[in-house]
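Build the full structure now, drawing on both the sequences and the hints.
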Amino acid sequence: MSTLGLFDNDYDEDGFRRCSVTGLNVHRTVENLVKLFGLSAVVAMVIGGTFAFFVAMTRWEVIGLLEAQDYYVHLTLHAWNLLIFWMVFMEIAVLYVGGPMVLGRRLPLTALAKTGWVTMVVGAVLVNLGVWMTAPPDTAPLLTAYVPLTAHPWFYAGAILFILGAIVAAIPFFVTLWREKRGQPYKTLPLIAFGAFATSIIAFEALVGGLVTFVVAFLWRMEFIGWMDAAWYRHMYWTIGHSTQQINLAAMVTVWYFLTHVVGGAEVVSEKVSRTAFILYIFFINLGAAHHILSDPAVSTGWRIWNASYAMYGAAFASMIHAFAIPAGIEAGRRKRGLGGGLFGWLTSAPWNNPVFSATVFSIVLFGFVGGITGVVMGQLQVNMTWHNTFATVGHFHATVALGTTLAFMGLVYFVVRTMFLRRFVFDRLATLQPYLYAGGMGIATLMMLYAGLLYGVPRRTAEVVENIPGTEFNLAAAAPLFAIFGVFAVIAILAGAAFVLVAVASILVGERVDGTGSDADIVPDGGATVDEDDPVHAYEMRGTFLLCLLFLAVFVASYVANWYLLTELWSVGL
Amino acid sequence: MTERSTGPPELGGPVTWIRNVVRRSWNDLLSVYYANTLIWRVFKSGALVFLGLFCWTGANLLLSYRPDWGILWYVMAYGFLLLFWGPFTHFVVVPFVIRMRKRGDGPIARFISRHGSKTNLTIFLILVLVLGTFPVGPMTFEFQLPSGSESSGDVNPQLQCTKSEEEVHCHLSDSRGIDQLVVTSSDRTIETVEESPFEFDVRIDELESVRGQKQFTVELRDSDGQTLRRYVRVVETIPGE
Chain S
1 MSTLGLFDND
11 YDEDGFRRCS
21 VTGLNVHRTV
31 ENLVKLFGLS
41 AVVAMVIGGT
51 FAFFVAMTRW
61 EVIGLLEAQD
71 YYVHLTLHAW
81 NLLIFWMVFM
91 EIAVLYVGGP
101 MVLGRRLPLT
111 ALAKTGWVTM
121 VVGAVLVNLG
131 VWMTAPPDTA
141 PLLTAYVPLT
151 AHPWFYAGAI
161 LFILGAIVAA
171 IPFFVTLWRE
181 KRGQPYKTLP
191 LIAFGAFATS
201 IIAFEALVGG
211 LVTFVVAFLW
221 RMEFIGWMDA
231 AWYRHMYWTI
241 GHSTQQINLA
251 AMVTVWYFLT
261 HVVGGAEVVS
271 EKVSRTAFIL
281 YIFFINLGAA
291 HHILSDPAVS
301 TGWRIWNASY
311 AMYGAAFASM
321 IHAFAIPAGI
331 EAGRRKRGLG
341 GGLFGWLTSA
351 PWNNPVFSAT
361 VFSIVLFGFV
371 GGITGVVMGQ
381 LQVNMTWHNT
391 FATVGHFHAT
401 VALGTTLAFM
411 GLVYFVVRTM
421 FLRRFVFDRL
431 ATLQPYLYAG
441 GMGIATLMML
451 YAGLLYGVPR
461 RTAEVVENIP
471 GTEFNLAAAA
481 PLFAIFGVFA
491 VIAILAGAAF
501 VLVAVASILV
511 GERVDGTGSD
521 ADIVPDGGAT
531 VDEDDPVHAY
541 EMRGTFLLCL
551 LFLAVFVASY
561 VANWYLLTEL
571 WSVGL
Chain Y
1 MTERSTGPPE
11 LGGPVTWIRN
21 VVRRSWNDLL
31 SVYYANTLIW
41 RVFKSGALVF
51 LGLFCWTGAN
61 LLLSYRPDWG
71 ILWYVMAYGF
81 LLLFWGPFTH
91 FVVVPFVIRM
101 RKRGDGPIAR
111 FISRHGSKTN
121 LTIFLILVLV
131 LGTFPVGPMT
141 FEFQLPSGSE
151 SSGDVNPQLQ
161 CTKSEEEVHC
171 HLSDSRGIDQ
181 LVVTSSDRTI
191 ETVEESPFEF
201 DVRIDELESV
211 RGQKQFTVEL
221 RDSDGQTLRR
231 YVRVVETIPG
241 E
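So the sequences go chain by chain: S and Y.
All residue numbers for the first sequence refer to the working numbering, where the first residue is 1 and numbers rise by one.
All residue numbers for the second sequence refer to the working numbering, where the first residue is 1 and numbers rise by one.
The set of hints was computed from the structure by calculation and includes no laboratory data.
Don't be surprised by glycine CBs; every beta carbon is placed ideally from N, CA and C.
Do not rely on the hints blindly, as some may be mistaken.
What the hints assert, rightly or not - Output of the computed footprint for chain Y on chain S, the stretches with three or more beta carbons under 8 Å from beta carbons of chain Y:
hint, stretch
1, 91-101
2, 211-224
Said to hold, decoys possible - Taking lysine to aspartate or glutamate pairs in the DMTMM-like style, the calculated list, with each CA pair at most 20 Å apart, reads:
hint, chain 1, residue 1, chain 2, residue 2
3, S, K272, S, D14
4, Y, K163, Y, E191
5, S, K272, S, D534
6, Y, K214, S, E223
7, Y, K163, Y, D105
8, Y, K214, S, D535
Right, here's the structure in full:
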C-alpha cells in the first residue's frame, strides 16, 4: 500500500495518528481506504468528464460533434461515470470518514472493504466496456435500461458487480457503528457519524433494490428468464435509479456539516433539529424517485398523490432545516470568533482562498437555490408534466449533482489531499480559482439547460435539438442563443473540472509534504484561532442567515408561482 | 470584537421602528453596494448575472404568453443589460469610484467620487428604457414558428406488418416526405427501398434473434439521409398466421 509513497504517513505502534487539523485519532486502515476510494472516484471523474466534452459539444449544435447513435453511447458513459461511479466511490469514502474516522476507531474487516473496492472497480470497468461495445440489436441504456429494450450483457453484469461491491464495502462501516454502540449504548453518535449512518440506510435501500432489479434483468437478458414485466422493472429500477441521487444528497449534507466546521469554524446550532432532519430524509427522501413514474399507467392515483405531495414535503422540510442550520452555524461560529462585521461580515471574512471552504459553500448555495427549488417544483404531480423529459430535467439534476454534490465532493477531495495525503496544493492560484470557475461555468450551463427545457420544451436525450426535430413541424432554432451560452459555459465547466483533477493529482504526486503541527494555518479556521467552548452559540446573532433564507424563500415562491402560471396557460384554465 | 446580543433593544413607537428599519436597510444596501473586497465583487457580479438571466429569459417566456404586457419589455431589457452591466459596475465602476474617493484631488476626482455611482446607475437605467422601448434582436427570443418554412408537415406514418409462415410483409400508411426506407436486423442491412409506396417483404429466417425473438428495425430517411423515424418490430408480435 505504499505505492508512490501515497500511503506512508507516520502512525504509532497501534496504527493511529492524531490529525492536526481535525484533532481526530485516525487509524491507518481508515485513512488508506479513504484515499483508495477517493482516488478511484477521481479516475471515474476523469473518464466521465472526458465524455462530458463530447456530449456538450454535440448538444451545442453549432459544433454538432457526434451522430445520434454515437451520442447516446457517449451520453451513457458520461452519466454512469459521473452520476454513479464518481459519486458512489466518494460515498464509501464519506462513510469511512463519518464512521470509524470520526469515532476514532480502526476500520474493521479491511479485507472485506478491499474486496468491495475490487468488485466495484471490476463492475465499473465492465459497465464501461459493455456500453462502449454496444451494437445493434442492443442499445446503450443511459441510466434507464428499460425492459424490454436490451443492453449488452456486460452492462447488467457490471452494474450488479458494482452494486454488490458497494454493499460489501459498506459492511465495515455498519460493523464500526455496531461495535461503537455495543460498547457505549447510551452515548449518542456525533452528528457527522449520525449523518453518515442516515446516508448508509438510504444507500442500503437503494442498492438492495438495484441488486434485485439488475439481477433479474441480467437473467432475462441471458434468457434464463423468459418474460419480464416492464412495469415491475420500471418501478423497481427507480428504487436505485433516483435513490442513488438521494444517497448523494444525504452524503453531501453530511460533508457540508463536516467541512464548514473544520475549515470554516461553523458550529452546530441545534444538534437535535439537524438530527431530526436526517431522520426525515430516511423516511421520505427516497420517495422522490416517484416523479419518474407519475405518468406511468401502472401506479394508482393515491400512490401518485402520496408520493408527489405529502411524502415530498417531508423531504423538502428536512432540506429546509439543513438550509438554515448550516449557514446559521457558520454565522454564529464566525461571530463567536469576533468575525461578524455587520450583516454579512461573517461570510465575506471567511477563508475564500481555501478551495475546501469555497467549494463547500458554493455547493450549499447552488444546490439550494437551483437544485433544491427545481427539485421540489418539478416533483409535484401537476407541474411535473411541464418538465418531464425536457432538457429542464437535465438542468435540475446537473444543479443537484454536478453543482451540489460534485462541488462538495471536490471540497472533500481537496481536504483529503491536504490532511490525509498531507500535501500542500500545487498551483496555488489555480487551486483557489478552480471552485469559482467550476461553480460559475456549471451554474450558467445548468441555467441554460433549465431555460431551454422550460421556455421551448427542448427534449432531453436527443442529439438533434436546435436545428430541427426531423420530420416534424417543430423547429427549435430560436433556442440557439441559449445553446450558444450553454456551449461556452459547458466548456468552462469542463476545463474547471480538468483543473480540479490537475491540482488534486499533481498535489498528491509532487506537492510539498506537510510535516505535522504548526503548519496548518492555511486550512484551519482563521489560522487556528480558538474559541471558548463553553460560550453558548445561541447568544450570537444570525440575522445574515435569516436574510439569506428570506431571499431563498422569495426565489422559491417566485419559481413556484411562475411554474403554476405556465401550467394554467398550457391548459387554458378558466377559458 | 464580539457581537453578543446583550438584551432586548429599546423599542420606540411604530413610526420610529419603521424609520430605523428603513435607515438600517438603506445603510446595509449602501455597504453592500460599496463593499470592494474581491469576494464581494465576485458575489455581487455572480448574483447580478443570475438575476439578469432570470429576468431576461423569464420576461421573454411570459411575453410569449402575454404579448400585451408591455412592462415585460423593460424587465427583459433590465435582465439583458444586467448580464454585462452588473459585473462591469462591481469590477470596474465601484472600485474606480472608491479609488477616486481615497485620492480626492482635483475637481474631476471629486466629481467622480461624489457622483460616479449615480451617473453609472443613471446611464444604466436610461439604457434599460431605450432598449425596452426599441428592443434589439439578440435580446428577444423568437417563439413563433418560422414563416415560410419549407417543411411539408409531420412525417409520422404507421408501419403496418403482417406475417406468413416464411415472410413478413410491411407497408407504410403514408409515404409523403420519405426518400428512403432501410430495413436492418442486428447491424445487417436486409432491404433498402427507394420508391413509394415503400412496401417490402423480409424472410423470417434472415432475421437475427434477440433474446430468442426475431426482430428487425425499419428506418425512414429524408433526401439528406437524415433519419426521420425508426420502428422496431418483433416477429412474434406481428399478426398473421
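Hint by hint, here is what the structure shows:
Taking a C-beta to C-beta cut-off of 8 Å, the stretch 91-101 of chain S contributes 0 residues in contact with chain Y, too few for the three needed, and the coverage statement is violated. With 3 residues having a Cβ less than 8 Å from any Cβ of chain Y, the stretch 211-224 of chain S passes the three-residue criterion, so the hint holds. A hinted pair counts as satisfied when its Cα atoms are at most 20 Å apart, and K272 of chain S with D14 of chain S does not qualify at roughly 35 Å. Restraint check for K163 of chain Y and E191 of chain Y: satisfied, since their Cα atoms lie roughly 17 Å apart, inside the 20 Å limit.
Under the criterion of a C-alpha separation no larger than 20 Å, the hint pairing K272 of chain S with D534 of chain S is consistent with the structure, at around 18 Å. Note on K214 of chain Y and E223 of chain S: the hinted pairing holds, with a Cα-Cα distance of about 14 Å set against a maximum of 20 Å. In summary, the hint linking K163 of chain Y to D105 of chain Y is not supported, as the alpha carbons are separated by about 94 Å, beyond the 20 Å threshold. Between K214 of chain Y and D535 of chain S, the direct Cα distance comes to roughly 75 Å. Violation of the 20 Å bound is thereby established for this hinted pair.
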